[in-house]
Amino acid sequence: GLRRDVERDRDLLRKFARAAEKVVADEDPKLQRMVKELVVILKQAEREGIEEQDICNRRKVIIFSYFADTVDWIVDFLRNVLAKDLRLAPYRGRLASVCGDESHSGVTREAAMFGFAPISSEAPPARATDLYDILVTTDVLAEGVNLQQARHIINYDLPWNPMRLVQRHGRVDRIGSPHRHVYL
Numbered sequence: 001g002l003r004r005d006v007e008r009d010r011d012l013l014r015k016f017a018r019a020a021e022k023v024v025a026d027e028d029p030k031l032q033r034m035v036k037e038l039v040v041i042l043k044q045a046e047r048e049g050i051e052e053q054d055i056c057n058r059r060k061v062i063i064f065s066y067f068a069d070t071v072d073w074i075v076d077f078l079r080n081v082l083a084k085d086l087r088l089a090p091y092r093g094r095l096a097s098v099c100g101d102e103s104h105s106g107v108t109r110e111a112a113m114f115g116f117a118p119i120s121s122e123a124p125p126a127r128a129t130d131l132y133d134i135l136v137t138t139d140v141l142a143e144g145v146n147l148q149q150a151r152h153i154i155n156y157d158l159p160w161n162p163m164r165l166v167q168r169h170g171r172v173d174r175i176g177s178p179h180r181h182v183y184l
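Its first residue numbered 1, the sequence shown is counted upward by one per residue in the working numbering.
Keep in mind the hints are simulated off the structure, nothing from the lab. Backbone N, C-alpha and C define an ideal beta-carbon position, used for all residues, glycine too. Hints should not be assumed to be uniformly reliable.
Unchecked claim - Pairs of lysine to any residue residues, derived as SDA-like cross-links and limited to a Cα-Cα distance of at most 20 Å, are as follows:
1) LYS22 <-> ASP72
2) LYS30 <-> ASP72
3) LYS30 <-> TRP160
4) LYS43 <-> LYS84
5) LYS84 <-> GLU27
6) LYS43 <-> HIS181
7) LYS43 <-> CYS56
8) LYS36 <-> ARG79
9) LYS84 <-> ARG33
10) LYS43 <-> HIS179
11) LYS22 <-> LEU86
12) LYS36 <-> ARG47
13) LYS43 <-> ALA89
14) LYS36 <-> LYS84
15) LYS30 <-> LYS15
16) LYS36 <-> ARG94
17) LYS36 <-> PRO118
18) LYS30 <-> GLU122
19) LYS43 <-> PRO90
20) LYS30 <-> ASN155
To be verified - Cβ pair distances, simulated, as ranges:
21) LEU2 <-> VAL182: 50 to 60 Å
22) ASP54 <-> GLU122: 31 to 41 Å
23) ALA89 <-> ASP5: 53 to 63 Å
24) ASP54 <-> ALA19: 40 to 50 Å
25) ASP5 <-> HIS181: 53 to 63 Å
26) LYS36 <-> LEU131: 17 to 27 Å
27) ASP5 <-> LYS36: 44 to 54 Å
28) ARG79 <-> ARG4: 39 to 49 Å
29) ASP69 <-> GLU7: 34 to 44 Å
30) ARG79 <-> VAL140: 35 to 45 Å
Work the whole structure out from these sequences, hints included.
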């Protein structure tokens, strides 16, 4: 009986794996909705911004996901879309991701924070260059970092604990934000 049950479980897992292999990013409705939102954010920043740095700060977006695999899924998709979609041209070459304390996609956690929000993260002068407008991360950046230079957060997925959302939102919705409104 145990053998039969294990084989049934194995067959079910193989069925799940075959179904998962058919999933492609270009057909993911959440990714498509995220692209639409990024276009809206860019248009809003252009419309409301006063000068180039202000426009840049208004278009900055932190995208949170609970899982590192999902961060990779989002980043891979965004790299392709940013290279092709003219509406998102201002974001080209301005994408970073963070998962854990180690380097992710060749960018360390610290380098991503300093490059994304050099003013609010109090980057040292030698590292205070504004390099990124989109920061895709796990909850590793949900606590204890000042990223209020940005004004947008997209929660790609929702954590089980609603306090995690409060912590995520606290990265931009905080004292010292240069923005009158933040968007979560």
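Exercise for the section: List in ascending order the numbers of the hints, as given earlier, that are violated by the structure. Expected result: Hint check: 11, 15, 17, 18, 22, 29 and 30 fail, others pass.
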